[in-house]
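These protein sequences, in sequence, are chains A and B. Mapping the first sequence onto our numbering, position 66 (from 1) lands on 66, and the numbers just tick up by one. Mapping the second sequence onto our numbering, position 126 (from 1) lands on 1126, and the numbers just tick up by one.
To be clear, the hints were calculated from the coordinates, so they are not data collected in a lab. Just so you know, not all the hints are guaranteed correct.
Said to hold, decoys possible - Covered stretches of chain B (chain A as the covering partner; in silico rule of three or more C-beta atoms under 8 Å from a C-beta of chain A):
1. 1068-1080
2. 1083-1092
3. 1105-1113
What the hints assert, rightly or not - Cβ pair distances, simulated, as ranges:
4. A:Val-190 to B:Gly-1188: 53 to 61 Å
5. A:Ala-236 to B:Arg-1112: 40 to 48 Å
6. A:Ala-236 to B:Gly-1188: 45 to 53 Å
7. B:Gln-1220 to A:Thr-19: 29 to 37 Å
8. B:Asn-1072 to A:Leu-290: 19 to 27 Å
9. A:Leu-290 to B:Gly-1068: 30 to 38 Å
10. A:Arg-256 to B:Asn-1094: 45 to 53 Å
11. A:Arg-297 to B:Gly-1167: 16 to 24 Å
12. B:Asn-1094 to A:Ala-236: 21 to 29 Å
13. B:Asp-1088 to A:Val-253: 53 to 61 Å
Even for Gly, the Cβ is constructed at its ideal location relative to N, Cα and C.
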Amino acid sequence: MQTRFVFSEVGNGLRRNLTMTVAVIITVGVSLALFGVSLLVRSQVDTMKDFWYDKVEVSIFLCNDNSETASCAGGKITEAQKEQIQADLESLKPLVQEIYFETQQEAYDRFIVQYRNSPIIDSVTVEALPESFRVKLSDPTQYDIVASAFEGRPGVEQVNDQRQFLEKFFQLLGGLQAIALVIALAMLVVTVLLIVNTMRVAAFSRRRETGIMRLVGASNFYIQLPFLAEAAIAAAVGATIATGGLVLVKIFVIDRVLAPAFQFTAFVGWEAVWAIVPILFLTGIALACLAAFLTLRKYLRV
Amino acid sequence: MILFENVVKQYPTQNRPALDDVSLEVEKGEFVFLVGASGSGKSTFLRLVLKEETPNKGRVWVAGKDLGRLSNWKIPQLRRRIGTVFQDFRLLPNKTVFDNVAFALEVIGKSRGQVQRIVPEVLDLVGLEGKEHRMPDELSGGEQQRVAIARAFVNKPAILIADEPTGNLDPSTSEGIMKLLERINRTGTTVVMATHDAAIVNQMRKRVIELEQGHLVRDQSRGVYGYSR
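Chain A extracted, bound-state conformation (with noise of 0.2 Å):
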C-alpha cells in the first residue's frame, strides 16, 4: 500500500471539495460540542448527586406549644417521648448513620442566616421553630424506612426528606440535558446527512479517477480508502473544534459565571472533560467512517 499516494489524492479531495468540506466540519463541530454539553451537564447530575446526598438528611421534626397536626394533640413533645426516638433511631443502625438534635435556639440561628435578607425574620421567636432530629442515612435512598417509623407517632410533627427537594431539581437538570441531547442527536443526523452528500458529490466529481481504478484492478478498499481518510480528517478537526467549545465551556460559563455565583454546590472539574473528550472525537469519526462508507458502497461499486 502506498501512503504517500493515498495522502496525496486525499489532500485534492479536501481541496477540490472544500466549501463542502468547511460545510462537514463545521456540523460535525457544532452537533459534537452539543453533544459534548449535555454528557457535560450529566456529569454535573452525578457530581451534584455525589456532593447533595452525602450532606442530605432526614429532619424528625418535633411537636411545640402551636404545632397543629394530629400527632401533636399533646402538645409539646415530653422529654421521654425525646427519648424513645433517640433510642429508635439508634436501634436502626447501621442505616443511621450520624443522628444530631437540634435545639429550638440552634433552629433558630440557623433561620437567622437563612433568611437574613428577609423581612420574615422579624416575625420569628424561638419558641416558634420546632426542635428536630437531624438524620444522616449510609444509604439516602432507604428513606421510607425512617419514615414509615417515625411518620404519625405522638410527638412528631412531621418528618421530611431533603432529598425529595434535591430529586426535583435534579429532574430540571435532567431535563436540560434531555433536551440537549435531542439537539444533539438531530445534528448529529444532520451531520450524517450532510456527510453523505458529500461523499456522493466527491465521488460523482471523481468517478473518472474511481472508474480508471477499478479498470486497473484497484481493490475497493484501496478507492475507498481516500474518500473515508477525507470524512475522518473533517470528523477530527470538527471534534477538536468541539473540544475547544467545551473548554470554554468548562472555563467561561462554568468557572467563572456558574462556579462563584452558586459556591454552595459543587460543579464538574476538568477530569469530567477530559472523559468526554475521547468519546467526542470516537462519536465524530465513528459516524463519519460508517455515513461515507455505507455511501461509497452504493456509488462507488465494483
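Got chain A; can you put chain B on it based on the hints?
Below, chain B without anything else, positioned relative to chain A:
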C-alpha cells in the same frame, strides 16, 4: 483464455436479450475482432469479460477462472490481468503522461522503485519517449490513445480489451495504433478489439466474430469486416 458457454444477458429494462445464447472461445495469444452494428452486444460481451456485468444464464471463463464463482473481492485481481482501452482514452486530465501510466501501478500498490523502472519502459514501447511530462491535452488523439494503451499494458496483462480504440482517430493514426496492438499481441497478450472500422479489419486479416442483435452470426479466422456495409 476467454470461454463463453451459452451466455444469455438480459438487462432488466429491455425486452430483448443483449446477448442470446452466445458460445465461443478465444485462445491464449489470439487477436480477435469483435464486429457488429451498435446495439449488437459487443459492449455487453466486453463488460461480461471484465465482470462488470454477470450473465443471466450460461458461464463465462476468463484466464482460467469461472467468473460466476469469483467472489466480489477477487474481481480486482481479475482486472489486473486484463488491460482495457476505450474510444475516449479515459486519461486523467490533471496528471502528466508519466503519472497517468504510473497511476495504474500505484493503485495496485506497486513500490515507487518499480513504478520508476517500469513506466519509462512501457512509454518507450508505445513510442512516447520524451513526452513523459506532457499533459494529456497537449497531445494528439493518437498520442493520447498510446498513453491509454501504455496504461493498459503496464501490468503486463494476459488479455487486452480494446473498445473501438480507433473510433476517434484518422486512418493513418489508426494504422499506428493497430501496429502497436499487434506488437502487444506478439508478446503473447490476447487482444480482443471491438470495432466499426472496416478498413482495419479487412487489412489485418485476423479472426472476426460478428454479433447481430445479441446472436453470434459469424466466427471466421482471417476474416473481413463483412458484407452488411
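Consistency of the hints with the structure:
1. Figure legend: the segment 1068-1080 of chain B, annotated as covered by chain A; annotation consistent (8 residues with Cβ-Cβ distances under 8 Å, at least 3 required).
2. Judged by the Cβ-Cβ criterion of 8 Å, the segment 1083-1092 of chain B is covered by chain A as claimed, because 3 of its residues qualify and three suffice.
3. Proximity of the segment 1105-1113 of chain B to chain A, defined as three or more residues with a beta carbon under 8 Å from a beta carbon of that chain, is established by the 7 residues found.
4. A hinted range of 53 to 61 Å for the beta carbons of Val-190 of chain A and Gly-1188 of chain B is consistent with their spacing of about 57 Å.
5. As the Cβ distance of Ala-236 of chain A to Arg-1112 of chain B is approximately 28 Å, the hint placing it in 40 to 48 Å is violated.
6. The beta-carbon spacing between Ala-236 of chain A and Gly-1188 of chain B, approximately 49 Å, falls within the hinted interval of 45 to 53 Å.
7. Separated by about 57 Å at the C-beta atoms, Gln-1220 of chain B and Thr-19 of chain A break the suggested range of 29 to 37 Å.
8. Taking the beta carbon of each, Asn-1072 of chain B and Leu-290 of chain A are about 20 Å apart, inside 19 to 27 Å as hinted.
9. The hinted window of 30 to 38 Å between Leu-290 of chain A and Gly-1068 of chain B holds, with their beta carbons roughly 32 Å apart.
10. The supplied range of 45 to 53 Å is met by Arg-256 of chain A and Asn-1094 of chain B, whose beta-carbon atoms lie about 51 Å from each other.
11. The beta-carbon spacing between Arg-297 of chain A and Gly-1167 of chain B, approximately 33 Å, falls outside the hinted interval of 16 to 24 Å.
12. Distance hint check: the CB atoms of Asn-1094 of chain B and Ala-236 of chain A are about 27 Å apart, consistent with the given range 21 to 29 Å.
13. Remark: the range hint 53 to 61 Å for Asp-1088 of chain B to Val-253 of chain A is upheld by a beta-carbon distance near 59 Å.
Taken one by one, the earlier hints fail for this structure at numbers 5, 7, 11, listed in ascending order.
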